[in-house]
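All chains, please: the whole structure from these sequences, using the hints.
Just so you know, the sequences run in chain order U and L.
Here the first sequence is numbered in the UniProt record's numbering, starting from 1 and rising by one per residue.
Here the second sequence is numbered in the UniProt record's numbering, starting from 1 and rising by one per residue.
Don't read these hints as lab results, they were simulated from the structure.
Bear in mind the structure is a predicted one, so any value in this text is a computation, not a measurement.
No false leads were slipped in.
Short, incomplete list of chain L residues facing chain U, as computed with Cβ under 8 angstroms:
#1 91
#2 130
#3 157
#4 160
#5 167
#6 168
#7 170
Glycine residues also receive a C-beta, built at the ideal position from the N, C-alpha and C atoms.
Number of protein chains: 2
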Amino acid sequence: MSESSSSNTSSAERLVHVPLGERAYDILIGDGLLARAGGEISSRIKGRKAAIITDEHVGPLYLEALMDSLEVDGIEAVSLTLPAGEKTKSFDHLTKVCDVLLEARIERNDTVIALGGGVIGDLTGFAAGIVRRGVRFVQIPTSLLSQVDSSVGGKTGINARQGKNLVGIFNQPDLVLADTSVLNTLSEREFRAGYAEVAKYGLIDKPEFFEWLERNWRAVFAGGAARTEAIALSCQAKADVVVVDERENGRRALLNLGHTFGHALEAATQYDSSRLVHGEGVAIGMVLAHEFSARLNLASPDDAKRVEKHLKEVGLPTSMSEIPGELPPADVLMQAIAQDKKVKSGQLTFILTHGIGQSFVADDVPSSEVLSFLREKLTQ
Amino acid sequence: MSESSSSNTSSAERLVHVPLGERAYDILIGDGLLARAGGEISSRIKGRKAAIITDEHVGPLYLEALMDSLEVDGIEAVSLTLPAGEKTKSFDHLTKVCDVLLEARIERNDTVIALGGGVIGDLTGFAAGIVRRGVRFVQIPTSLLSQVDSSVGGKTGINARQGKNLVGIFNQPDLVLADTSVLNTLSEREFRAGYAEVAKYGLIDKPEFFEWLERNWRAVFAGGAARTEAIALSCQAKADVVVVDERENGRRALLNLGHTFGHALEAATQYDSSRLVHGEGVAIGMVLAHEFSARLNLASPDDAKRVEKHLKEVGLPTSMSEIPGELPPADVLMQAIAQDKKVKSGQLTFILTHGIGQSFVADDVPSSEVLSFLREKLTQ
Chain U
1 MSESSSSNTS SAERLVHVPL GERAYDILIG DGLLARAGGE ISSRIKGRKA
51 AIITDEHVGP LYLEALMDSL EVDGIEAVSL TLPAGEKTKS FDHLTKVCDV
101 LLEARIERND TVIALGGGVI GDLTGFAAGI VRRGVRFVQI PTSLLSQVDS
151 SVGGKTGINA RQGKNLVGIF NQPDLVLADT SVLNTLSERE FRAGYAEVAK
201 YGLIDKPEFF EWLERNWRAV FAGGAARTEA IALSCQAKAD VVVVDERENG
251 RRALLNLGHT FGHALEAATQ YDSSRLVHGE GVAIGMVLAH EFSARLNLAS
301 PDDAKRVEKH LKEVGLPTSM SEIPGELPPA DVLMQAIAQD KKVKSGQLTF
351 ILTHGIGQSF VADDVPSSEV LSFLREKLTQ
Chain L
1 MSESSSSNTS SAERLVHVPL GERAYDILIG DGLLARAGGE ISSRIKGRKA
51 AIITDEHVGP LYLEALMDSL EVDGIEAVSL TLPAGEKTKS FDHLTKVCDV
101 LLEARIERND TVIALGGGVI GDLTGFAAGI VRRGVRFVQI PTSLLSQVDS
151 SVGGKTGINA RQGKNLVGIF NQPDLVLADT SVLNTLSERE FRAGYAEVAK
201 YGLIDKPEFF EWLERNWRAV FAGGAARTEA IALSCQAKAD VVVVDERENG
251 RRALLNLGHT FGHALEAATQ YDSSRLVHGE GVAIGMVLAH EFSARLNLAS
301 PDDAKRVEKH LKEVGLPTSM SEIPGELPPA DVLMQAIAQD KKVKSGQLTF
351 ILTHGIGQSF VADDVPSSEV LSFLREKLTQ
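Shown next as structure tokens:
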């Protein structure tokens with residue numbers, strides 16, 4: 001990570017380079033990048049056409065500013081505004097986006113821009129990767145979750161009735177512009193949900209980052225330099241993992257810490273965001289992963305308590321009992337876990353831990369152990 | 001190309017290796033490979049589940065034999081039989097195939113098998129590349145066209161209302177089994193259409209292969225060693241081009257010789273196979289490409305006549321006037337050409353030629369020249 005020059009440390013801009021050979025790209029992190037999008041794109045991409053995909057929440061706030069910025073730099077843009085929410089990651093919407101890109105005659109050197117959170121980024125990145133077998137793709141993530149998670153690593157896709165993200169491709173963007181000031185319009189709940197993924201990077205393999213967050217999380221929530229720092233460190237942490245295992249044959253699975261339980265809980269609540277959003281599922285999932293590791297005598301129960309304490313302090317849910325409404329029984333949750341894509345020849349793959357910042361990939365977790373653990377937790 | 005040992009030269013088996021680094025794979029060409037599919041797959045792929053995608057023409061002929069072969073080698077398979085024809089390359093069928101693969105719990109090390117021609121191969125390869133962001137993929141091409149064309153190079157995809165193959169990915173198979181004996185059930189018309197692509201490899205950059213075909217085409221049509229030889233040489237020719245330019249940034253475009261005109265004619269006949277099939281469009285397109293090159297004083301008119309003579313002798317159509325029914329006017333054909341994906345920043349890219357086996361990529365063909373050429377040919 002290198003810092004660009006800036007006289008004002010509170011708005012210091014960061015650049016994280018993701019060195020993936022011919023798929024290498026930059027992530028710019030800082031205040032006011034949206035207004036500079038046209039210049040940043042036109043200096044990197046030849047084509048002079050763009051299509052912006054956004055949603056009904058983000059579009060009214062930022063679409064006009066982005067269109068203006070593109071126009072100033074001579075990029076002609078069309079836009080498509082989709083319904084907000086997880087249900088937009090569907091085959092129907094994928095078909096619609098592809099149709100709009102083809103009608104706009106977006107060619108291989110033109111740009112498709114995802115302006116929105118993870119849903120818009122995942123759907124748009126998938127469409128950009130399959131239209132004409134791949135056109136240029138720029139992410140402008142507008143949620144904390146998407147700035148620290150989906151903007152790095154190239155996973156794109158849609159949901160299927162069998163589960164989340166079961167259809168998609170790896171498609172690295174050409175550029176990511178993470179404008180930290182757009183996060184000011186997020187609700188407290190959305191910001192917190194994104195923060196769960198920030199904390200995750202500490203829990204995976206950066207114990208000193210987790211400690212830093214325990215001390216500085218209020219400043220991260222307040223904005224300014226601490227927020228930019230936390231986002232840049234998160235992007236760098238994810239990039240470090242992705243670079244050694246782009247297509248998730250091994251180490252990259254660590255990024256799923258808390259996600260196997262989390263995805264199952266999202267499925268169990270029918271992706272109803274009034275009950276549970278992704279980051280909340282991950283928060284509960286990370287506590288469960290630490291508790292399950294303690295139960296298997298792999299880690300100290302104190303570590304699970306420390307994770308729970310921090311996430312609770314931040315305002316995140318940390319147990320299944322905090323999810324409003326009824327949850328299905330343990331065996332139904334197990335089915336959702338088994339259909340999750342991190343399954344190899346019937347064996348359950350789980351991210352477990354030896355303690356804070358000491359996560360590892362376990363390929364041989366007996367499903368009976370998971371089932372009885374879930375039974376126990378559901379009755380607590 | 002290396003020959004495997006065989007005591008019977010008339011059924012000599014060939015292996016073409018496509019050296020694409022970590023995406024390298026083998027193409028086996030010969031008699032009776034279908035019955036050996038289980039062994040060939042199980043020796044290369046770990047998973048013990050498979051899903052076979054086929055169509056209503058091919059399924060009744062070969063599905064049972066394939067299922068039997070898989071069963072013998074301990075591979076548990078499900079199958080899906082789709083309608084035959086170009087219309088199957090749609091978002092609706094893609095959605096259906098993905099759903100079947102997920103329901104069958106095909107995991108990353110399990111196998112998706114395309115049993116059919118180019119339509120089934122393109123659709124299935126696309127689905128196999130996006131389900132769980134990629135599972136294993138084996139092609140068993142059952143038409144001459146798919147054995148020499150779509151089985152090599154990894155282009156997969158579906159059609160959009162704006163044109164053919166406008167949505168898809170590059171997805172190299174793990175193995176291709178080209179059983180030459182299944183070609184015996186093809187109609188004469190289908191075999192001839194596939195032969196247009198065989199002749200194409202000679203016309204691109206192998207003049208000695210084109211000469212060999214002028215002398216030996218009857219033996220290729222009859223089957224046996226000459227057929228196996230022609231298929232192996234075609235696969236090798238395509239592999240040679242793909243290896244230096246997998247993602248079509250340059251030289252690979254040569255494989256589109258005859259295809260820009262051909263695709264426009266297919267679009268103009270609404271992909272109605274009773275009027276025109278792909279290989280017939282390519283045959284007419286190749287003659288047009290040679291004539292257009294002669295018109296631009298790039299090649300001798302004698303070369304265009306020689307191409308026309310050979311394709312006519314084989315029984316292929318060589319002019320637009322042979323297509324049954326009305327064709328749209330030249331400007332409508334031009335629109336289809338402009339929407340074709342081989343367009344860069346508005347400039348027309350065409351494959352032109354300096355003569356037999358001397359094709360080249362031209363990036364700067366004036367559309368006015370193409371338009372007046374088409375007007376002239378349509379009134380002949």
